[in-house]
Amino acid sequence: MSLIPDGLIKKCPFCENVFLSSSIGKYKVCPNCGYGFRVTAKERASLVFDSFSEIDSEITVPERFFNKAEYVRKIKKSKKITNMNESVLTGIATLGDYQVMSGIMDPFWIMGSLGQATGEKITRMFEYATKNKMPVVMFTASGGARMQEGMNALMQMAKVSGAVSDHSKAGLLYVVVLCNPTMGGVTASFGMQGDITLAEPHSLVGFAGKRVIEQTIREKTPKHFQDAETIMEHGFIDRIVTRPDLKSTLKQILFLHEGG
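Just so we're aligned, residue 1 is where the sequence shown starts under the numbering used here, counting upward by one.
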């Protein structure tokens, strides 16, 4: 009897279409509906940019949080999976003739959660971009603020928002790409502060989760009310862009903003 190897078949969580895993290609998207399967921050950097030079790679969780054994276990696991010290990859990236600062949140690093070190890295990225008059392209993929760090995590919303504001006042471009998922404090701050907001197809975008909302309002919510397509219908997203088209779309935006 022949054995079927593990991972041969894949099922899309959005359209529930079943297909060979090889069908997702290098961009890791559903061949039926375009849903983007989760990728690490470093994988995304290689798919979108011509080059990426990482900065602040040494920044990680402050030692004062290491008294939480379960948290430390999750940190070690996340670092091993992603080969990153924190849930966001920041650096100087190139797209054709254009140079930008970019931040890419990693959903495999404790669900891309916004902790104190994450906020510090994103803030430094914006400050560097403002000082050097560079555009910022931010990829959000996060469950929200990191509950293990309590108020320290929540304060990052205000901290990063201040850096975004300074960047905006300098007349510089900020493009956000909402990936799956973008939730909680990230949505409530820098995830929705871009000059141009793009999203990958069928990405989950919102503040509170569906179950929390239903328990609060005591009503059932529509099936796809937090999908990127619904959010765009209500004016919070400018355009849905498939992963294979993202590179050319960003180049076009930079071309229009920089004047050729």
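Just so you know, these hints were derived from the structure itself, not from any lab. Heads up, a few of these hints could be off.
Claimed, not checked - Calculated lysine-lysine pairs in the DSSO-like style (CA-CA distance at most 27 Å, straight line):
(1) LYS159 - LYS131
(2) LYS79 - LYS28
(3) LYS223 - LYS28
What the hints assert, rightly or not - Ranges between beta-carbon positions, derived for each pair:
(4) THR94 - GLU219: 45 to 55 Å
(5) SER46 - SER21: 17 to 27 Å
(6) LYS169 - LYS76: 20 to 30 Å
(7) ASP195 - THR230: 39 to 49 Å
(8) GLU63 - MET147: 29 to 39 Å
(9) SER46 - HIS257: 18 to 28 Å
Even for Gly, the Cβ is constructed at its ideal location relative to N, Cα and C.
Hint numbers contradicted by this structure: 6, 7 and 8
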